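Residue strings, one per chain:
Protein chains: 4
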Amino acid sequence: MSMNSFGHLFRVTTWGESHGPALGATVDGCPPNVPLEPEMLQQWLDKRRPGQNKNTTQRNEPDAVKILSGVFDGMTTGTPVQLMIENTDQRSKDYGEISQTFRPGHADITYFQKYGNRDYRGGGRSSARETAARVAAGGVAREAIKALVPGLEIKGYMTQMGALEIDRSRFDWDAIEQNDFWIPDAGAVQEWEDYLQALRKAHDSVGAVVEVVARGVPAGIGAPVYGKLDTDLAAAMMSINAVKGVEIGEGMNAARLKGSENADEIFMGAKGPEYSSNHAGGILGGISTGQDVVVRFAVKPTSSILTPRKSIRKDGSATEVITKGRHDPCVGIRAVPVAEAMMACVILDHLLLHRGQIGENQGRIG
Amino acid sequence: MSMNSFGHLFRVTTWGESHGPALGATVDGCPPNVPLEPEMLQQWLDKRRPGQNKNTTQRNEPDAVKILSGVFDGMTTGTPVQLMIENTDQRSKDYGEISQTFRPGHADITYFQKYGNRDYRGGGRSSARETAARVAAGGVAREAIKALVPGLEIKGYMTQMGALEIDRSRFDWDAIEQNDFWIPDAGAVQEWEDYLQALRKAHDSVGAVVEVVARGVPAGIGAPVYGKLDTDLAAAMMSINAVKGVEIGEGMNAARLKGSENADEIFMGAKGPEYSSNHAGGILGGISTGQDVVVRFAVKPTSSILTPRKSIRKDGSATEVITKGRHDPCVGIRAVPVAEAMMACVILDHLLLHRGQIGENQGRIG
Amino acid sequence: MSMNSFGHLFRVTTWGESHGPALGATVDGCPPNVPLEPEMLQQWLDKRRPGQNKNTTQRNEPDAVKILSGVFDGMTTGTPVQLMIENTDQRSKDYGEISQTFRPGHADITYFQKYGNRDYRGGGRSSARETAARVAAGGVAREAIKALVPGLEIKGYMTQMGALEIDRSRFDWDAIEQNDFWIPDAGAVQEWEDYLQALRKAHDSVGAVVEVVARGVPAGIGAPVYGKLDTDLAAAMMSINAVKGVEIGEGMNAARLKGSENADEIFMGAKGPEYSSNHAGGILGGISTGQDVVVRFAVKPTSSILTPRKSIRKDGSATEVITKGRHDPCVGIRAVPVAEAMMACVILDHLLLHRGQIGENQGRIG
Amino acid sequence: MSMNSFGHLFRVTTWGESHGPALGATVDGCPPNVPLEPEMLQQWLDKRRPGQNKNTTQRNEPDAVKILSGVFDGMTTGTPVQLMIENTDQRSKDYGEISQTFRPGHADITYFQKYGNRDYRGGGRSSARETAARVAAGGVAREAIKALVPGLEIKGYMTQMGALEIDRSRFDWDAIEQNDFWIPDAGAVQEWEDYLQALRKAHDSVGAVVEVVARGVPAGIGAPVYGKLDTDLAAAMMSINAVKGVEIGEGMNAARLKGSENADEIFMGAKGPEYSSNHAGGILGGISTGQDVVVRFAVKPTSSILTPRKSIRKDGSATEVITKGRHDPCVGIRAVPVAEAMMACVILDHLLLHRGQIGENQGRIG
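Respectively, the protein sequence lines represent chains A, B, C and D. Under full-length UniProt numbering, the residues of the first sequence are numbered 1 to 366, in order. Under full-length UniProt numbering, the residues of the second sequence are numbered 1 to 366, in order. Under full-length UniProt numbering, the residues of the third sequence are numbered 1 to 366, in order. Under full-length UniProt numbering, the residues of the fourth sequence are numbered 1 to 366, in order.
Rather than coming from a laboratory, the hints here were simulated on the basis of the structure. Quick caveat, the model's predicted, so the values are computed rather than measured. Don't take every hint at face value.
[Unchecked claim] Straight-line distance between alpha carbons at most 35 angstroms, and here's what the computed DSBU-like set of lysine-lysine pairs gives:
{"no.": "1", "chain 1": "C", "residue 1": "Lys324", "chain 2": "C", "residue 2": "Lys314"}
{"no.": "2", "chain 1": "D", "residue 1": "Lys47", "chain 2": "C", "residue 2": "Lys314"}
{"no.": "3", "chain 1": "B", "residue 1": "Lys314", "chain 2": "B", "residue 2": "Lys201"}
{"no.": "4", "chain 1": "A", "residue 1": "Lys314", "chain 2": "D", "residue 2": "Lys201"}
{"no.": "5", "chain 1": "A", "residue 1": "Lys201", "chain 2": "B", "residue 2": "Lys314"}
{"no.": "6", "chain 1": "C", "residue 1": "Lys146", "chain 2": "A", "residue 2": "Lys271"}
{"no.": "7", "chain 1": "B", "residue 1": "Lys271", "chain 2": "B", "residue 2": "Lys155"}
[To be verified] Derived CB-CB ranges, DEER-like:
{"no.": "8", "chain 1": "B", "residue 1": "Ala147", "chain 2": "C", "residue 2": "Glu261", "range": "52 to 62 angstroms"}
{"no.": "9", "chain 1": "C", "residue 1": "Ala270", "chain 2": "A", "residue 2": "Asn33", "range": "48 to 58 angstroms"}
{"no.": "10", "chain 1": "A", "residue 1": "Thr88", "chain 2": "B", "residue 2": "Lys146", "range": "24 to 34 angstroms"}
{"no.": "11", "chain 1": "D", "residue 1": "Ala163", "chain 2": "A", "residue 2": "Pro150", "range": "54 to 64 angstroms"}
{"no.": "12", "chain 1": "C", "residue 1": "Pro38", "chain 2": "A", "residue 2": "Asp73", "range": "32 to 42 angstroms"}
{"no.": "13", "chain 1": "D", "residue 1": "Phe171", "chain 2": "C", "residue 2": "Ala198", "range": "51 to 61 angstroms"}
{"no.": "14", "chain 1": "D", "residue 1": "Gly269", "chain 2": "C", "residue 2": "Ser99", "range": "40 to 50 angstroms"}
{"no.": "15", "chain 1": "D", "residue 1": "Pro308", "chain 2": "C", "residue 2": "Ala270", "range": "23 to 33 angstroms"}
{"no.": "16", "chain 1": "B", "residue 1": "Gly366", "chain 2": "A", "residue 2": "Glu191", "range": "29 to 39 angstroms"}
{"no.": "17", "chain 1": "A", "residue 1": "Tyr95", "chain 2": "B", "residue 2": "Lys146", "range": "41 to 51 angstroms"}
{"no.": "18", "chain 1": "C", "residue 1": "Ala163", "chain 2": "B", "residue 2": "Ala147", "range": "50 to 60 angstroms"}
{"no.": "19", "chain 1": "D", "residue 1": "Thr319", "chain 2": "C", "residue 2": "Pro38", "range": "49 to 59 angstroms"}
{"no.": "20", "chain 1": "A", "residue 1": "Asp292", "chain 2": "B", "residue 2": "Lys324", "range": "28 to 38 angstroms"}
C-beta atoms are modelled at their ideal positions from N, C-alpha and C, and glycine is treated no differently.
Use the sequences and the hints to build the structure in full.
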């Protein structure tokens with residue numbers, strides 16, 4: 001049992017702190033004979049990397065990932081893949097005040113209450129920097145998925161940032177990679193940018209909603225009743241820093257619907273069963289239907305803001321906290337590649353759990 | 001690794017199908033010397049039991065739970081506690097049609113696609129009847145919590161049913177046990193009842209939102225970064241049949257907030273840190289703050305309705321499904337005791353994970 | 001994590017005490033569509049059952065196993081298989097003295113020291129009766145193995161009982177089932193019987209060595225470096241009551257050998273690699289070679305004897321213990337079917353871990 | 001589930017290959033506030049390091065361990081401790097022949113059969129070099145044990161090397177650290193050295209028996225029935241390269257004993273129960289008695305010898321293998337620090353599993 005690990009057969013353990021020498025992921029259970037080179041992982045780390053655009057923090061690190069084990073002659077061997085990212089940008093600074101103070105909305109106080117200590121340098125283990133290791137591991141999962149189920153596609157995008165929401169009638173799948181917000185609507189980018197800059201000037205931050213979709217997931221993947229595909233996805237997303245809510249398909253809105261509205265009716269298609277709609281988000285009883293698997297989650301606004309907030313010190317004395325330095329006004333932006341990585345890991349895990357069963361035990365319909 | 005188990009140290013494995021001879025829970029990791037009698041568990045099963053009021057299904061079973069192991073002289077021994085509930089009401093009927101047809105919104109089709117077979121009697125393993133075993137296990141967790149942290153209280157209630165929502169200004173903690181909907185507002189009960197009866201007459205069903213609160217959880221409980229208290233709670237709730245969304249504290253609404261609004265400011269109180277608000281839902285960085293732990297989830301409307309819905313048979317031929325028989329128009333009602341049970345199991349699990357640390361490693365503030 | 005479970009994908013959790021209402025095994029991860037009837041399991045329970053012959057205890061129970069879940073229309077569904085054996089022979093007796101006294105060689109004292117309590121009725125959870133649940137689970141494993149790898153055969157036998165050892169030059173595979181000692185030498189049975197009866201008359205007991213062989217295990221099964229096939233087998237055997245040593249292939253004797261003697265030389269055979277010998281016991285680097293997998297273990301002499309032994313009571317006062325009642329002079333005899341069951345579970349588990357890989361990733365030689 | 005991990009709460013995952021850039025251990029579950037510096041780990045790596053004396057291989061590496069995470073200001077934080085050892089001595093050489101040939105007694109052939117590939121450089125993952133990571137992790141466990149149970153001592157030593165066995169009547173606990181064989185008898189060192197040099201000249205190798213003892217383990221540690229202290233120790237030792245047998249206390253010899261001989265009689269001592277002997281090896285029913293915990297295991301002779309042995313190539317063609325280069329004639333010597341490390345990890349794990357219970361639930365005797 002490890003509290004820093006997730007996955008059943010594709011098991012990822014992340015390690016490392018924000019300002020330690022390095023951080024990374026120990027990836028066990030990757031199938032052998034999967035082509036793997038650092039470049040395949042680097043692309044995803046670059047997508048997440050802070051400082052890549054004006055909407056994310058200015059902390060500028062190459063985030064270069066090294067593969068220390070599990071790969072020989074450019075192919076995975078089936079043994080643990082160790083991924084390491086060195087922390088090259090550890091600005092030495094005076095931590096005097098922050099070392100004594102608990103920042104509101106941060107894990108400073110709870111880590112101290114649990115462990116009786118805390119690595120206060122940049123939040124230590126509770127820093128969003130930990131997600132770099134997830135993104136690297138997700139890159140491994142993507143390559144393994146390619147080898148197992150060619151054509152399976154995983155894509156994340158923002159659907160909401162504070163008061164702004166995307167217009168689903170203008171949804172453009174291809175626009176997502178074309179803008180810094182990963183939104184599926186090129187026409188809205190300027191508005192989103194202005195909104196964020198205004199927040200930055202106001203020394204404030206805002207929350208967001210991110211949606212991740214997996215296309216091409218075969219039907220019959222998932223494991224009732226506690227390792228359900230949706231259960232594992234909910235846990236994976238909730239484990240991401242600042243996430244406060246997770247939805248599958250219709251999500252919280254399902255509470256408003258009637259049974260007659262919510263039913264995804266079934267028809268026989270050319271390649272198998274098809275559905276009139278996807279309120280279910282591609283999952284029934286914890287098992288994939290073959291439709292798009294749709295996960296959505298909300299992240300709270302960045303707690304590190306320049307607006308002063310009341311707090312206390314270790315000695316119990318009152319203080320006010322203003323968080324200077326490099327912080328995204330909306331962490332939702334960088335949560336997109338992280339969520340894609342988590343989705344990739346969970347999908348691969350369930351594909352592996354089902355190996356030797358797909359096509360064999362799978363019920364033939366029609 | 002077991003896909004039918006949850007929990008780290010307090011490990012619950014449920015087993016059994018809707019219409020098999022029995023179902024139950026194998027509970028491992030319960031501390032020794034906890035007083036445990038069947039009556040302590042039965043009260044929670046009775047709360048969940050169908051047919052207890054006109055708002056839930058008419059299937060009438062005693063749901064009598066038996067303790068087959070792990071208890072000696074009325075005390076737990078520290079060995080596995082086996083809980084069994086016999087299925088006394090297995091009406092023999094002709095399953096001819098249903099055995100060939102996939103019900104929309106049900107796991108019939110995905111179980112068949114995964115396993116190449118399915119126990120079509122009442123949904124087999126995917127039936128909500130499985131939650132009876134969870135409620136029994138939750139009863140064990142409640143008794144162990146009593147012994148570890150006296151005064152820790154766990155309570156669930158409905159906050160929404162279709163178009164109806166509770167008025168939080170009229171929130172009455174004590175009213176919850178007094179009505180069949182488990183809503184914290186005695187004045188609204190009649191309206192909810194009328195609404196539900198109208199749905200029943202319309203041969204339709206509706207979704208709901210359930211909220212569960214744990215009061216008195218000590219600060220410092222939880223295990224970053226993948227066994228977070230909120231991660232485990234999200235998984236626990238998402239694993240419940242028909243759940244499509246899970247929220248902690250502010251939940252999905254956090255996306256609309258600004259950092260300046262969302263911050264729970266910290267003050268020094270008589271017994272330790274206190275907060276100006278609880279947007280966090282009692283959890284920071286996956287660890288409890290000592291405030292109320294607040295979890296919320298949405299269940300979709302019952303898929304079994306008398307309104308005909310299009311579907312297919314195993315042979316691929318088209319058909320229409322009308323689900324007759326005993327079904328709740330709103331499964332949210334019975335989800336309340338189930339959610340309480342899951343919360344109890346997760347809280348106990350994290351209390352055990354932290355044993356010998358509370359007070360010892362826990363950081364002293366002030 | 002459950003301390004009462006073993007296996008990775010084929011996960012067995014046993015529950016129950018010697019004199020409780022029932023005991024059994026929760027078996028998760030059994031593949032779907034495996035034919036399974038109670039009779040298939042009962043044959044193995046009957047082989048283990050006490051009172052079946054004059055060499056084992058006189059406690060006479062039918063040990064009838066019930067399948068409570070996971071099977072529909074005579075086939076496994078892929079959901080948990082719950083196996084229950086009711087304790088029909090719970091002679092009510094006065095436990096006064098034994099409830100206060102710790103029996104030398106038994107877990108009475110350590111259970112009390114760990115848990116602060118103990119179910120003193122027949123040893124409670126630490127009774128060898130727990131192994132009945134293992135035998136039932138092993139029966140499920142055998143049926144699943146049949147479906148996966150037809151022809152794979154698992155057989156256990158005694159090779160030593162106190163001063164008596166089998167003569168390997170007279171090894172007769174077919175004689176094993178023909179005698180009460182499960183020894184591969186019909187001619188030695190009388191001598192073994194006389195030896196055991198003499199012990200019984202002398203109010204003493206004796207230890208034994210049991211060997212278990214799996215024939216037809218495909219090459220390439222096993223998972224380095226901590227889930228090795230031999231590691232899992234060693235743990236499985238060591239977990240059996242009274243076992244004090246476990247060997248693979250050459251075992252402890254390997255210490256005496258030289259590298260030139262110990263090497264199993266490799267040749268190319270008609271169906272693949274063949275070996276000049278099997279010092280390795282069919283396992284190299286934790287992975288099967290395709291040769292017989294050979295495990296051997298020693299059980300200590302029964303601690304329950306009529307010869308008085310010094311001990312203490314809960315209050316620390318000195319006493320002498322004579323264990324009356326129904327006890328095998330050599331528990332090794334009944335350890336045979338238990339060891340076969342454990343071997344079956346471990347082999348199936350590794351077959352499942354390798355599913356979708358056999359033939360696919362497996363390296364082709366020649 | 002990870003096949004490269006062991007431990008329940010103190011979870012160690014090793015990674016890395018013999019000739020990759022680095023190898024190491026991801027250690028999760030170490031308690032917070034344990035003083036930890038690289039030097040504390042380095043001493044054990046130096047003890048294991050090849051080339052340190054003429055009896056072990058000449059491969060000369062510093063084996064310098066780096067702590068990449070989980071430590072802040074010289075104390076553990078409770079987050080994962082990442083230990084890395086860089087491979088500085090990767091002699092580039094022509095692997096042409098070895099890359100095509102399977103060495104008898106090595107995992108070359110089974111890794112290839114399982115994975116369809118293999119890192120043939122020095123055995124890749126199956127190399128004994130992997131044990132360096134175990135030794136580093138064991139060092140962490142030793143420091144944590146110090147903090148939890150001061151005075152608990154763990155020591156390993158050789159008791160047999162081929163035809164040579166120690167004379168227990170001359171057992172000298174303090175002599176162990178004073179000689180290159182870690183034998184408890186200074187007077188025998190010269191004989192052992194001559195024996196080994198003769199083997200080396202004869203181009204042969206030999207097996208050995210190693211014994212590890214833990215003194216000061218509190219009574220009541222262990223977790224029946226599959227996470228028994230002896231079960232976990234057996235698995236830990238069997239997972240070490242070349243181990244073919246594991247014994248607890250009396251071990252395989254228990255088969256020869258009578259119940260009257262084997263019973264460890266119990267007496268009331270000043271500090272609690274005492275025993276007349278320790279045939280049990282300090283464990284009853286999987287739980288510690290408070291006596292010395294005694295584990296023993298046999299390692300097979302080094303398979304890499306200069307004496308030619310028959311084998312085959314990937315293409316199935318016959319060949320003869322002579323293993324040149326740096327190899328111990330007896331791997332048992334270096335197995336001593338590895339076994340100590342495994343013992344430390346298992347003992348710590350069970351101490352943690354029992355935290356908050358020692359003294360609390362533990363039964364008071366007398």
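We went through each hint and held it up to the structure:
A distance of roughly 20 angstroms separates the Cα atoms of Lys324 of chain C and Lys314 of chain C; the hinted pair therefore holds under the 35 angstroms criterion. Only pairs whose Cα atoms come within 35 angstroms are accepted, and Lys47 of chain D paired with Lys314 of chain C is rejected, the gap being roughly 45 angstroms. Of the pairs offered as hints, the one joining Lys314 of chain B and Lys201 of chain B holds, with about 31 angstroms between alpha carbons and a cut-off of 35 angstroms not exceeded. Between the alpha carbons of Lys314 of chain A and Lys201 of chain D the distance comes to roughly 67 angstroms, so the proposed pair goes past 35 angstroms and is violated.
For the suggested pair Lys201 of chain A and Lys314 of chain B, the alpha carbons sit about 61 angstroms apart, so the restraint of at most 35 angstroms is broken. As the CA atoms of Lys146 of chain C and Lys271 of chain A are separated by approximately 33 angstroms, the hinted pair is consistent with the 35 angstroms bound. Pair hint Lys271 of chain B plus Lys155 of chain B holds up; C-alpha atoms about 24 angstroms apart against a cutoff of 35 angstroms. Range check, Ala147 of chain B to Glu261 of chain C: Cβ separation about 60 angstroms, and the 52 to 62 angstroms hint holds.
At roughly 27 angstroms, the beta carbons of Ala270 of chain C and Asn33 of chain A sit outside the given window of 48 to 58 angstroms. Distance hint for Thr88 of chain A and Lys146 of chain B: a CB-CB separation of about 52 angstroms, inconsistent with the stated range 24 to 34 angstroms. Between Ala163 of chain D and Pro150 of chain A the beta carbons are some 60 angstroms apart, a value that agrees with the proposed interval 54 to 64 angstroms. At about 52 angstroms, the beta-carbon gap between Pro38 of chain C and Asp73 of chain A misses the expected band of 32 to 42 angstroms.
Between Phe171 of chain D and Ala198 of chain C the C-beta distance comes to about 36 angstroms, which lies outside the given range of 51 to 61 angstroms. Separation of Gly269 of chain D from Ser99 of chain C is about 23 angstroms and departs from the stated range, judged on CB atoms against 40 to 50 angstroms. At roughly 25 angstroms, the beta carbons of Pro308 of chain D and Ala270 of chain C sit within the given window of 23 to 33 angstroms. Distance hint check for Gly366 of chain B and Glu191 of chain A: the Cβ-Cβ separation is about 47 angstroms, which falls outside the suggested range of 29 to 39 angstroms.
Checked against the hint of 41 to 51 angstroms, the pair Tyr95 of chain A and Lys146 of chain B passes, with Cβ atoms roughly 42 angstroms apart. As the Cβ distance of Ala163 of chain C to Ala147 of chain B is approximately 52 angstroms, the hint placing it in 50 to 60 angstroms holds. Checked against the hint of 49 to 59 angstroms, the C-beta distance between Thr319 of chain D and Pro38 of chain C comes to roughly 53 angstroms, which is consistent with it. The supplied range of 28 to 38 angstroms is met by Asp292 of chain A and Lys324 of chain B, whose beta-carbon atoms lie about 32 angstroms from each other.
In terms of the numbered hints stated before, the structure departs from hints 2, 4, 5, 9, 10, 12, 13, 14 and 16, listed from lowest to highest.
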